[in-house]
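There are 2 protein chains.
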Amino acid sequence: VDRFSVTYRILADDIAAARGRALDISVEQTVEIPRAIVPHGFVEDEILGRVEAVRPHRDGEGVFAATISYSSADVGGDFLQLLNIVFGNCSIKTGMRVESIDLGDDVSAMLRGPRFGRDGLRTLLGVAQGPLLMSAIKPVGLPTRELADIAYQFALGGMDMIKDDHGLVDQPTAPFRERVRACVEAVGEANAKSGRNSIFVANITGSARGFDERAYFAKETGAGGVMVAPALQGYAAVEELAADAGFGLPIISHPAFSGANVIAPDIGFSHAFYYGQLQRMMGADAVVYPNFGGRFGFSVEECRAIVSGSTSTLSGLKPILPAPGGGMSIEKAPGMAKVYGEDVIYLIGGALLSEPDDLVGACRRLAEAVGRGN
Amino acid sequence: VDRFSVTYRILADDIAAARGRALDISVEQTVEIPRAIVPHGFVEDEILGRVEAVRPHRDGEGVFAATISYSSADVGGDFLQLLNIVFGNCSIKTGMRVESIDLGDDVSAMLRGPRFGRDGLRTLLGVAQGPLLMSAIKPVGLPTRELADIAYQFALGGMDMIKDDHGLVDQPTAPFRERVRACVEAVGEANAKSGRNSIFVANITGSARGFDERAYFAKETGAGGVMVAPALQGYAAVEELAADAGFGLPIISHPAFSGANVIAPDIGFSHAFYYGQLQRMMGADAVVYPNFGGRFGFSVEECRAIVSGSTSTLSGLKPILPAPGGGMSIEKAPGMAKVYGEDVIYLIGGALLSEPDDLVGACRRLAEAVGRGN
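These protein sequences, in sequence, are chains A and B.
Counted from 1, the first sequence has number 22 at position 22 by this note's numbering; the numbering is strictly sequential.
Position in the second sequence counted from 1, then plus 374, gives you this note's numbering.
If you are wondering where the hints come from, they were derived from the structure by calculation, not from laboratory data.
Note that CB positions come from ideal geometry on N, CA and C, so glycine has one too.
Just so you know, not all the hints are guaranteed correct.
Restraint ranges, calculated between C-beta atoms of paired labels, are given here [as the list claims (entries may be wrong)]:
1) A/G371 to B/R486: 49 to 57 angstroms
2) B/D419 to A/I330: 27 to 35 angstroms
3) A/G62 to B/G622: 36 to 44 angstroms
4) A/T94 to B/R551: 35 to 43 angstroms
5) B/G709 to A/P172: 29 to 37 angstroms
6) A/G341 to B/A619: 30 to 38 angstroms
7) B/T468 to A/S308: 39 to 47 angstroms
8) A/E342 to B/D480: 26 to 34 angstroms
9) A/G95 to B/T468: 12 to 20 angstroms
10) B/T687 to A/G341: 51 to 59 angstroms
11) B/P639 to A/E44: 32 to 40 angstroms
12) B/P549 to A/R112: 50 to 58 angstroms
Reference listing, derived: stretches of chain B covered by chain A, where coverage requires no fewer than 3 residues with Cβ under 8 angstroms from a Cβ of chain A [to be verified]:
13) 378-384
14) 476-482
15) 578-584
16) 591-601
17) 723-732
18) 737-747
Some chain A residues flagged as far from chain B (calculated, every beta-carbon gap over 10 angstroms) [as the list claims (entries may be wrong)]:
19) S5
20) A16
21) E32
22) V43
23) E46
24) V51
25) K93
26) K138
27) R177
28) T205
29) S207
30) P290
31) G316
32) G335
33) E342
34) D343
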């Protein structure tokens, strides 16, 4: 049976203690019974996690990297069970963190991965070079026609993707169906005027039983993509939608409710795994996360790690686009270009909306600043 | 419009700085645009979060408690939007943590809450007094007939609830339908012999699109309850299943993949909120979490906080049963009784399975030790 492997960052006094902790993980994440009573044969030989390597971590003294392999027979085709093996119970332990995954053949064959990814999004949007631009209509509480007007101006100003703010769901002030219809129409009008190919991205985070209905409504109404917050909606919902050939729109992942999984350094998941590898395993085509230097605390190094997790080889899964947001401005454009290069979606909200009387102009100035002017 | 309120624990140098951080939360969690451009009228008056109080926190210097109220008009009937308002983007910030929620009338009217809860579970199981007993069949990798035999012995030994281990999903060694059928039958045979009313609880964590199908298959096959890991499956999936009158079985919540939301002290969610209040908002009837003194690091105080969140008044939502697991043994029974009293489900796995040749006897000795012997 084929195996996949996970590398954990482990705090321990010395390498012997680190090995002990790794052995604990290998038991906890699989058989979850005392090692002494693990049944001989298939369970012990295949299902039980195997500590493949324990070595000092580049982070220095008291930190170790342990690679543990698991049987694909323990996954049984369920994406959530894959995640459960990676860090189900051990998510509750301190001093251990998921750093990265190596999928192996069986697991990578089970995953559809991103349908579009970086290159597919560029093709869809007709932007072969330079960074992509995305903005969000908001605030929640505005009526549909005002939100649609903002969408129109964003599209006319040159934003490639105009998305719902993640807090726009199905509120009475701008109900989902009415809002998606109006915004798709508004972006279409702007495209007709500009000759561009901007798309509207509908937020479909919400009801579990109504999830596919919202996704398909968005598609049938002409939205160019959808956005989901996987930490709220559940990881399988995204994975199954991405794998659904009948759907076939890009999926943008939003980090709402996910932060605590990542921001404490010695627990949870690395930035590269959670906002990179995991997103591609789910099939997201782009991942929104807080940019360095904004109102959230991510460092340049953490953002680079997300880029790495989003783009480095992960079996056959396509690379996806990082979409840093939160505090983007014209002044910051050169610094961001240095870190991200061209393969990035700049998510810009407040800096544009702060110029409500000249939204189109603000978009154009920003596009110019990042090398996307006409 | 009615409002609900969330109390956050905030790190700050002084109360003025804490107020500043609270104002940031009130903006970030609602309008998510600079305060200066929040539209006048409905958005500013209703949607924008309101800082209701900021005060020193009992945890001492540099720690503050801030209560912020939000409009139920921002929820729009979506459970996930409720959670998004509580801590969507701010989950990515350090030095702030959700401590508790006060639902208000509109939000509490929107939530069905636990169908059974503490008292309903006691009635269903026919156990008016004393702690309830739950065990898990495992390890994954065993064939169905061996898992079913373990279920039989647990039931005969006096366990009230026999659940799937959370890693049992739909693996080829014990496929979901085959396993549920066999285990329901095994527990039924044991009940016929013992005169008890033990139930089998099927793990339905897995496919998003197949979630309801697994839930209903379990019900129709005679399972007495289901188990879900909400941090994997998504919070709305649980909420909608619990609200579905046609389903109507108890739901047990499992903490897999949830740990990082809680275990770092200054971010994420308090134990009382996440494993208590949130579970009741979703409609779980009992919540599994790691007991103090076991192989996870929860303290007695954190476990007491979970009990408080599971049972203290939360609008009209029923109190639910805490189900501490991980390291329960006969020796620990008196200490656990002191903390939990009678309204608890003891989840006992390894200590029983370590006596494979006398599983029934091990169950009976444990039942005796907690005052549930015959």
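Which numbered hints does this structure break? 3, 5, 6, 7, 8, 12, 13, 14, 16, 18, 21, 22, 23, 25, 26, 28, 29, 30
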